[in-house]
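**Student:** These are the residues of each chain, in order.
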Amino acid sequence: MVGIGDAVETAARPSGWRRLRRGLAACPPLVSACALWLAVAVGVALVTELISPYHYAQIDLRARLQPPVLLGGEWRHALGTDELGRDVMSRLFYSIRMSLLVALLGTAIGAVLGTMLGFLAAHFRGWIDDLIMVLVDFQASMPFIIIALSVLAFFGSSLTLFIALMGLFGWERYARLVRGMTLSAKEHGYAVAIRQLGASPWRVYSRHILPNIASALIVNVTLNFPEHIILETGLSFLGLGVQPPLTSLGNMVGYGREYLQSAWWIAVFPGIAIVLTTLSMSIVGDWIRDRLDPTLR
Amino acid sequence: MTLNKTRRRLIAGTLAAPFVSRISLAFAQSDRRPSLTVAVADLPPTLEPALELSNVGTRITYSVFDTLIRRDFLGSPDGGGSALKPHLAASWQRNGAQELVVELRRGVKFHNGDELTADDVVFTFAHGRLWGEKRTIPEGAAYFSVLEGVEALDRYRVRFRTRVPDVLLEHRLSSWASWIVNRRAYEAEGIDGFGQRPVGTGPYRARRLARDQAYEFEAFDEYFMGPPAARTVTFRSIPQLATRMAGLASGEFDLITNVPPDQIQTIERGRDVEARSVVLANSHVLVFDERGPAMGDKRVRRALSLAIDRQALVDGLWLGRAKVPASHNYPEYGAMFVEGRQLRYDPAQARQLLREAGYSGERIVYRAAPNYYTRSLEAAQVMVEMWKAVGINAALQVVENFTQMRGAGQQIGQWSNSTRFPDPLGAVWVAWGPAGEPQRRNGRPRTPSTRPAVRSSARPIRRGANSSSPRCWTPGKTSARARSSTSR
Numbered sequence: 001m002v003g004i005g006d007a008v009e010t011a012a013r014p015s016g017w018r019r020l021r022r023g024l025a026a027c028p029p030l031v032s033a034c035a036l037w038l039a040v041a042v043g044v045a046l047v048t049e050l051i052s053p054y055h056y057a058q059i060d061l062r063a064r065l066q067p068p069v070l071l072g073g074e075w076r077h078a079l080g081t082d083e084l085g086r087d088v089m090s091r092l093f094y095s096i097r098m099s100l101l102v103a104l105l106g107t108a109i110g111a112v113l114g115t116m117l118g119f120l121a122a123h124f125r126g127w128i129d130d131l132i133m134v135l136v137d138f139q140a141s142m143p144f145i146i147i148a149l150s151v152l153a154f155f156g157s158s159l160t161l162f163i164a165l166m167g168l169f170g171w172e173r174y175a176r177l178v179r180g181m182t183l184s185a186k187e188h189g190y191a192v193a194i195r196q197l198g199a200s201p202w203r204v205y206s207r208h209i210l211p212n213i214a215s216a217l218i219v220n221v222t223l224n225f226p227e228h229i230i231l232e233t234g235l236s237f238l239g240l241g242v243q244p245p246l247t248s249l250g251n252m253v254g255y256g257r258e259y260l261q262s263a264w265w266i267a268v269f270p271g272i273a274i275v276l277t278t279l280s281m282s283i284v285g286d287w288i289r290d291r292l293d294p295t296l297r
Numbered sequence: 298m299t300l301n302k303t304r305r306r307l308i309a310g311t312l313a314a315p316f317v318s319r320i321s322l323a324f325a326q327s328d329r330r331p332s333l334t335v336a337v338a339d340l341p342p343t344l345e346p347a348l349e350l351s352n353v354g355t356r357i358t359y360s361v362f363d364t365l366i367r368r369d370f371l372g373s374p375d376g377g378g379s380a381l382k383p384h385l386a387a388s389w390q391r392n393g394a395q396e397l398v399v400e401l402r403r404g405v406k407f408h409n410g411d412e413l414t415a416d417d418v419v420f421t422f423a424h425g426r427l428w429g430e431k432r433t434i435p436e437g438a439a440y441f442s443v444l445e446g447v448e449a450l451d452r453y454r455v456r457f458r459t460r461v462p463d464v465l466l467e468h469r470l471s472s473w474a475s476w477i478v479n480r481r482a483y484e485a486e487g488i489d490g491f492g493q494r495p496v497g498t499g500p501y502r503a504r505r506l507a508r509d510q511a512y513e514f515e516a517f518d519e520y521f522m523g524p525p526a527a528r529t530v531t532f533r534s535i536p537q538l539a540t541r542m543a544g545l546a547s548g549e550f551d552l553i554t555n556v557p558p559d560q561i562q563t564i565e566r567g568r569d570v571e572a573r574s575v576v577l578a579n580s581h582v583l584v585f586d587e588r589g590p591a592m593g594d595k596r597v598r599r600a601l602s603l604a605i606d607r608q609a610l611v612d613g614l615w616l617g618r619a620k621v622p623a624s625h626n627y628p629e630y631g632a633m634f635v636e637g638r639q640l641r642y643d644p645a646q647a648r649q650l651l652r653e654a655g656y657s658g659e660r661i662v663y664r665a666a667p668n669y670y671t672r673s674l675e676a677a678q679v680m681v682e683m684w685k686a687v688g689i690n691a692a693l694q695v696v697e698n699f700t701q702m703r704g705a706g707q708q709i710g711q712w713s714n715s716t717r718f719p720d721p722l723g724a725v726w727v728a729w730g731p732a733g734e735p736q737r738r739n740g741r742p743r744t745p746s747t748r749p750a751v752r753s754s755a756r757p758i759r760r761g762a763n764s765s766s767p768r769c770w771t772p773g774k775t776s777a778r779a780r781s782s783t784s785r
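Protein chains in written order, with my numbering: chain A, 1 to 297; chain B, 298 to 785.
One should not assume that every hint holds.
To be verified - Which chain A residues face chain B? A few, computed with CB under 10 Å, are given here:
| id | residue |
| --- | --- |
| 1 | A57 |
| 2 | Q58 |
| 3 | I59 |
| 4 | R64 |
| 5 | L65 |
| 6 | P68 |
| 7 | F154 |
| 8 | S157 |
| 9 | S158 |
| 10 | Q243 |
| 11 | Y255 |
| 12 | Y259 |
No wet-lab data here; the hints were simulated from the structure.
Virtual Cβ for every residue (Gly too), placed ideally from N, Cα, C.
The task is simple: from the sequences and hints, build the whole structure.
**Tutor:** Set out below in structure tokens:
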């Protein structure tokens, strides 16, 4: 039984890799540029401490609102300083890390939660299926920003609660996708065969069905991730997300808004980072979907 | 002349400093007076004038109600004058140290058409409203627990008697809790209804009140000081500074409040926009709660205070336009002002005190609400860094409102104290005394031994000798930060 399972996987894997590698070679320049930006962003997030000239909370009240270097500022603060004399470049790096981290954790929690619930619904059917689908409908019919605003306003904002809340955003799409695809995959020959051989449901779902429906889930992740960044920045902009002294892209834009006329660099640089990151993620995600979708080849 | 006076009233009423004005010239056809829209950071929940003693309440109360005696703020060029002028009272007379007879101005009309009589004054100061065990306005006792009785001598004369000799009674009558309310309306509506449909004698009459959104007032043309200068005045709640500034630039608002000094230059770029700054007798303070971990030790609290470089905050965040007060000790105290006192910045001593207290890095959280006090979130971030610099494990927690801030577990919170009449009893006592918010909230009076000495006294000279009274306060319990222009 192990042999058959492995055979299915090894048969599927090389063709997928080859497809991806062939795709990379034929990658359009725009997609490469986007992928490059994402790589830079992730790189910045990984080595933030090493490349930031200052700590994000290091205050210098004598150096408030200094302009970026090309507009009469000094190299000490290449992108200028904010209203408390903190270095905008350092804060930008830390913000990119914070926003990516929150979005990544949120996406991961949502994907795992949604996938698990989708499998449960498809496996048990009956009232469990009904219950999960009612939850899915409920979540899908409520604008998430309203749920988030009320939860954060009521319980007060903390980073843990905020990440947990981000995890609740988007799980319903995974649940629906996984449930539908599992229902059909369960009747496919390979799944039936493995079940007949006595594999536990856990093994069937995690080792055999999941890899076969993964491409759709990956596409959903790439769509979901920029939405998480937008949600995080939106809530932080409204003052309900990441709270000072911590910093995130939306937080920087929110507190820099007051200075748009006198010190635009506080809000504009994180704004650019938000646009570039979400746009890149969407473009790369679209391209991955095109590559992975057999009907589009 | 009238226009001048009323404009001044309006400005006093908004307590808006630094505030910015943009006089719109939108004349109606019949009434050529302008309609003013004032964007404020926050509105009071009701308009019961003695209940809303916060700055956001008082700046509106001035437009709707009057006091018997008026404190002439503008008598001194800095707006801190403390001479007393007749207002609803035409005159007043002392009958000994414990008695004051007030003669009312004749012909003053309330918004509902009633004439102001001694009856309304007696009702305003009646036992059970501002003083007495079961008073409806808890904070009233901070001003009027000294009263023994108030009675009408005839239709226009009222006699106030105090339990003990009190030199401050006239000042109390000119202060924030002493707005005269209409008896008929108050009795018909009750305290809650009156807060929604207030009836006073002031220049503007409530027209439409939408809580948390906008309070709309119209000119009360029978006002005893002459018709008001604006046709309508609307106070709108606009918590975000950026929105207030944009609204001012677009002409949607005529006046905005709570403008930090570093935004004044930006605002003045707009045409016909003018910014004015006034230093108010209002200090941002920190509230230390002794019950949290580490906060029980006085040395830790002193260290927290010594670690704050207040002058750096004033210079950096307020561009030098605010002042660091000498604790609860202001020049308008007159003979009781202690020259040369100041709040020290001494990080070395702060570290020393922490060592002596055996402070071992317990987390100390400062809760701050983002929009209530001007530049308070920025100041909070700076202070947290200052505390960290002397080795305190400080953290900032941003909260939505004062309920969350004052909720269980508060270690350090925000507040501000105003001088409500020019005396320590009108400042530190009303804020921190038994009727003040911290002691009422925590239900345990903590100032027993100093009470009789501070509360009242007949002879100013003895009170002058007693000028150390504010020291009854645990040093470090409060730390006034920047004497500046915002509110609560």
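**Student:** Now tell me if each hint is right for this structure.
**Tutor:** So, going through the hints one by one against the coordinates:
{"no.": "1", "hint": "A57", "result": "holds, 6 Å"}
{"no.": "2", "hint": "Q58", "result": "holds, 8 Å"}
{"no.": "3", "hint": "I59", "result": "holds, 5 Å"}
{"no.": "4", "hint": "R64", "result": "holds, 6 Å"}
{"no.": "5", "hint": "L65", "result": "holds, 7 Å"}
{"no.": "6", "hint": "P68", "result": "violated, 18 Å"}
{"no.": "7", "hint": "F154", "result": "holds, 9 Å"}
{"no.": "8", "hint": "S157", "result": "holds, 7 Å"}
{"no.": "9", "hint": "S158", "result": "holds, 8 Å"}
{"no.": "10", "hint": "Q243", "result": "holds, 4 Å"}
{"no.": "11", "hint": "Y255", "result": "holds, 8 Å"}
{"no.": "12", "hint": "Y259", "result": "holds, 8 Å"}
Checked against the numbered hints given earlier, this structure breaks only hint 6.
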